[in-house]
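Asks: Below are the chains, spelled out letter by letter.
4 protein chains.
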Amino acid sequence: MSSNRKVAILGATGAVGQRFIQLLQGHPYFKIEVLAASERSAGKKYKEACSWTMESNLPREIAEMHVAHTDVESVEKAGNIDIVFSALPGDLAGPVETEFAAVYPVFSKASAHRMDSDVPLIIPEVNPDHVALIPIQKKARGWNGFISTDPNCSTIQLAMTLKPLMKFGLRQVIVSTMQALSGAGYPGVASLDIIDNVVPFISKEEEKLECEPLKILGTFDGNFVRNANFVLSASCNRVNVKDGHLESVFVKLGENPSVDEIEEAFRKFKGEPQKLKLPSAPENPIVVRKEPNRPQPRIDRQEGKGMSVVVGRIRNDSIMTLKYMCLGHNTIRGAAGGGILSAELMIAKGLA
Amino acid sequence: MSSNRKVAILGATGAVGQRFIQLLQGHPYFKIEVLAASERSAGKKYKEACSWTMESNLPREIAEMHVAHTDVESVEKAGNIDIVFSALPGDLAGPVETEFAAVYPVFSKASAHRMDSDVPLIIPEVNPDHVALIPIQKKARGWNGFISTDPNCSTIQLAMTLKPLMKFGLRQVIVSTMQALSGAGYPGVASLDIIDNVVPFISKEEEKLECEPLKILGTFDGNFVRNANFVLSASCNRVNVKDGHLESVFVKLGENPSVDEIEEAFRKFKGEPQKLKLPSAPENPIVVRKEPNRPQPRIDRQEGKGMSVVVGRIRNDSIMTLKYMCLGHNTIRGAAGGGILSAELMIAKGLA
Amino acid sequence: MSSNRKVAILGATGAVGQRFIQLLQGHPYFKIEVLAASERSAGKKYKEACSWTMESNLPREIAEMHVAHTDVESVEKAGNIDIVFSALPGDLAGPVETEFAAVYPVFSKASAHRMDSDVPLIIPEVNPDHVALIPIQKKARGWNGFISTDPNCSTIQLAMTLKPLMKFGLRQVIVSTMQALSGAGYPGVASLDIIDNVVPFISKEEEKLECEPLKILGTFDGNFVRNANFVLSASCNRVNVKDGHLESVFVKLGENPSVDEIEEAFRKFKGEPQKLKLPSAPENPIVVRKEPNRPQPRIDRQEGKGMSVVVGRIRNDSIMTLKYMCLGHNTIRGAAGGGILSAELMIAKGLA
Amino acid sequence: MSSNRKVAILGATGAVGQRFIQLLQGHPYFKIEVLAASERSAGKKYKEACSWTMESNLPREIAEMHVAHTDVESVEKAGNIDIVFSALPGDLAGPVETEFAAVYPVFSKASAHRMDSDVPLIIPEVNPDHVALIPIQKKARGWNGFISTDPNCSTIQLAMTLKPLMKFGLRQVIVSTMQALSGAGYPGVASLDIIDNVVPFISKEEEKLECEPLKILGTFDGNFVRNANFVLSASCNRVNVKDGHLESVFVKLGENPSVDEIEEAFRKFKGEPQKLKLPSAPENPIVVRKEPNRPQPRIDRQEGKGMSVVVGRIRNDSIMTLKYMCLGHNTIRGAAGGGILSAELMIAKGLA
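So the protein lines, in turn, are chains P, D, H and Y. Taken in order, the first sequence gives residues 1 to 352; the numbers are from our numbering. Taken in order, the second sequence gives residues 1 to 352; the numbers are from our numbering. Taken in order, the third sequence gives residues 1 to 352; the numbers are from our numbering. Taken in order, the fourth sequence gives residues 1 to 352; the numbers are from our numbering.
Isolated chain P (complex conformation) (with noise of 0.2 Å):
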């Protein structure tokens, strides 16, 4: 397998686009070719041009990269590249990505593309089969490249957990979540808004949580996909924890099976990116914890390296049918690191 591909990162100083980074490190099929960022940034080494929040060091020879500014131009002339993993804002995603798609594969954690019928929205363990949206799409709009979009962050969780509930007749779904403060990126949430607080709204988060998992879970008709057939409802928080969305669901099923069977669905549930034995795929996608008072962020975030879901608390409900805890790092499993599971599908599959 190719192991050679050059990558840009649209929106490389912010909170994902570092996490990129710091995932991207010695990693077996991508070398990073070109850091873009906005006006501000451009022209400026990364190292000035960042205020670096991860927990590793800035790389060495990434602290001295030139920043290009986020345009197919810029980029070109910073490097040849082979594909883009876009960080982009949302609000900025929109046209930026799409100029680069004309020519590239382009892997985007930003929200613009997400819904367009001809775009997947791919968490590699669950809809792998939506990549068949790619060649229509390439079709359709006359691209060299395409646009592959993962969830949002805290969809990505709550959906890996839904897969392995669909047998059972997943039908409605109540969600109260608690979210990091990484999510909102960076500075993103002020120190005196959440300090000895909590938030109880996240713009565009409930919409994005209600509307994508329909999407993930929906059915690949050969032409396009088709929402799944269940309802969803959420309440979004955000909590003073620095990585780890933890979600507390109410699920009911058209079947009524046991705690242990649904621990067990769980348990066993495993994706393409197992079978491949992709790079960034972790061994077990859903991790069950047992003691009564897990999964919790600051401890359970880092399961497989971020990239596990890890649910606790699994309950019979009295007026759903069951209720449970799940917890994914936002910013590894929930950005960079689908992102990069979502690229790593798409080669082993021949599409990028």
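When chains are identical, the list treats them as one kind, so a pair holds in a single copy or across two.
With a cut-off of at most 30 Å between alpha-carbon atoms, the simulated DSSO-like pairs for lysine-lysine come out as follows:
1. Lys-277 - Lys-31
2. Lys-268 - Lys-45
3. Lys-204 - Lys-290
4. Lys-268 - Lys-167
5. Lys-31 - Lys-290
6. Lys-6 - Lys-138
7. Lys-47 - Lys-290
8. Lys-204 - Lys-252
9. Lys-252 - Lys-167
10. Lys-47 - Lys-270
11. Lys-31 - Lys-305
12. Lys-349 - Lys-275
13. Lys-47 - Lys-305
14. Lys-290 - Lys-44
15. Lys-349 - Lys-277
16. Lys-47 - Lys-268
17. Lys-6 - Lys-31
18. Lys-167 - Lys-349
19. Lys-138 - Lys-275
20. Lys-47 - Lys-6
Rather than coming from a laboratory, the hints here were simulated on the basis of the structure.
Guided by the hints, dock chains D, H and Y onto chain P, whose structure is given.
Replies: Positioned in the frame of chain P, the structure of chains D, H and Y alone reads:
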């Protein structure tokens, strides 16, 4: 109205005990006569027995009081008292409160007797008629005093907001909580457990929250209280907030009122404490915030001097009927303040 | 004393501006007439222009006021005013305050003019005689108004505690600070920068803290202020605390007083605001705590309604002469409250 | 080199004990044979006796081990051991460590024996020659084993940075600390005490920090260690940080080196662990950061896998000679990691 009742506080050194002391400063009805606590504290000056964590200074005359042991004999030796406020831990409260109730009116924040069929579980705005259990209790037990209990801190605020929804036909309630550190008492939650973290479990909390509102919103039928006819499911979490429990609530109603009608029902809700102008009664038991990101614990918990419940984000729901956030100050309305208001109600009704 | 001065607040939407609004509610001398802020806010209702972060609710009549732009013409169009409180950021304050000072008394919290030789840098308890610079300034600049400045928030509390030590022969001061988030304004410190962290740097803070006390504790010689003759060295840190700067102070004195003598000097310290019984003057400018673990920001910052400095842990020192901790509320005494007290002093002295 | 020493960990359930377990996973010299703790834990499986707070998962085989009581008989019954790591609380460690030292080499993190004149207080990079006290101790006490101690967590990092300054004539050190929560063990600091707060006091910490460096930097004269000839003054604070003590240091030297010379002294500093390439030795004992706002606990504490001390903000000082910030991971370099490195040194020198 008699304004010279002498008070003993049981469990006076804990977080709730401290809040009782703070709230009773300058109270028109009550005067603190005896502070009682466990063996470890008994005999010491209060300022030496207690690690004071309130924002206001420890009142000087309280600081110098000697702590009595929490038994009737020790308390009576320490002073002549008229009524008792119990801030004892749930596991100790049972027999101690029984001992005191043989002689004195006991207003208890502990869970021990809440579900006893002849003990009222009171929120003065919600079920003041349940005080009719008091003469039944006194007769049945042959006591001169009695026990009146206050609900769990996460229950009070939820039940307050459910009361005005009863008229729309309350059927089902799903609630996920984000509860403050002070709810666990002192020392309570270890800082190492909560920094950069959420703990998705509070021992016995979900059981209380799923059960107490049914009694509170139930009907006194002349002999006892029949539970209200709806179902509750709860998922309880501890977050890094000092005071103020925030709850994400999904409610299914028989009718289908508009958001405006629900808002109006919350706003117009008043109870007997407001009619009787009790000293601790807030002007508005429920305050509705219209901003998209409220209520927030740090900003809204002092509403109505900590005695109002603050509601926000009222929305229609695609699965249930409506969803909203509610917030209450867990050691004021949810504990000491609630207990004091109950005592004020009993006095106004000639029962204490 | 005239109690109807009409006030304009410049920089009204920021953290200090909000505190001015909060503290001026019901003030016996001052009435808020105009709220002014930057282009972005001008023209909007205050409640729409501002993200209110005070614990008390935004007063209703303030919420509905329209924000003027921070120039004399716009402010005068918005209302007739008598004096100006400036809560502008340091980099904007310079020319704007000059413009207003030509006409109005300006009480400034900004750093722009603090070190101007004809501008007093006032802590009313410490150097009230420095107001003698006002007529010199007015004459020299040909102004009808004037500029009076308040020190930096970390300076005020330190200088307050150094004043009573002057009589023992103050020689050297080494101070390490632990400063609150609100000192950086709003949005200020990003939550991702401070969670589970300390930031050992605050831009330009050490320079201010090493320089301002020399002017404040200096001597007015009839024409200007001669700096006091001691040396300061500072190391400034940002910690995860909402309000209240805590400082670890080591002092070298000419004499060798006992801990008791130093304590007494702190306790007995009173200034002109106390003698004149100014409305915002705390009874005790310096409060001494004897407990081994005080002062603490969350517990002690409201002392004297946030206008007292709290001192504790006074000890002899093996290298210098003594060491102690001091705490001040950085947005009350250290900002808006300090500015209001300065204005009260000027009015009492007939200068404004 | 023998790589099969069997280890007992005393105080294995506490925060330092857990860190020992974590750091000894896969260690080339040591294998955990016995976990010992207090009565309360003895007899239980480790996973039931311990509230695991490390970021990595509790290793499975450790989880299933049965905890022995911390006395020689119980430990020997639980397994054959070669050496002992003691993570006991200071007040319990004295006699227990003495009992074990009669038979086994004991590497202790406890304060009990640190200042005994025949017990070395070791930082392997700083005073490896002090191990010469071991044969003297064994002979004097008639022991087959011995006690070697590690300094207090706030001492280690400071003493590491003072060592390279000795050549400039170290005279005086003033230090204000901002110490992490994990330094107080588990449960340790109550969350209610530290949220939105700093606690300016740590019991007995200043005494240790003012005294231990004098022994560590002292001179072994063939019989015992003469204290180094400088003076220290400390002021210790607890801040809301999980791991990593940050210290603000002011130093008076005999000479007057430039900032560049000091930086070079820090950078070039290496010790015997580096020469011997001991398994736990960091490549750089001291890492210098040049950014204006470093070191920061959350970002820098993992430097050198938590075994490096990170220094920054080196400046000339107007009162002393220089000032700087230093940071060390208090439960790795400052506790378990330091203890393991000491044991590695002793083994390399043939003493254990």
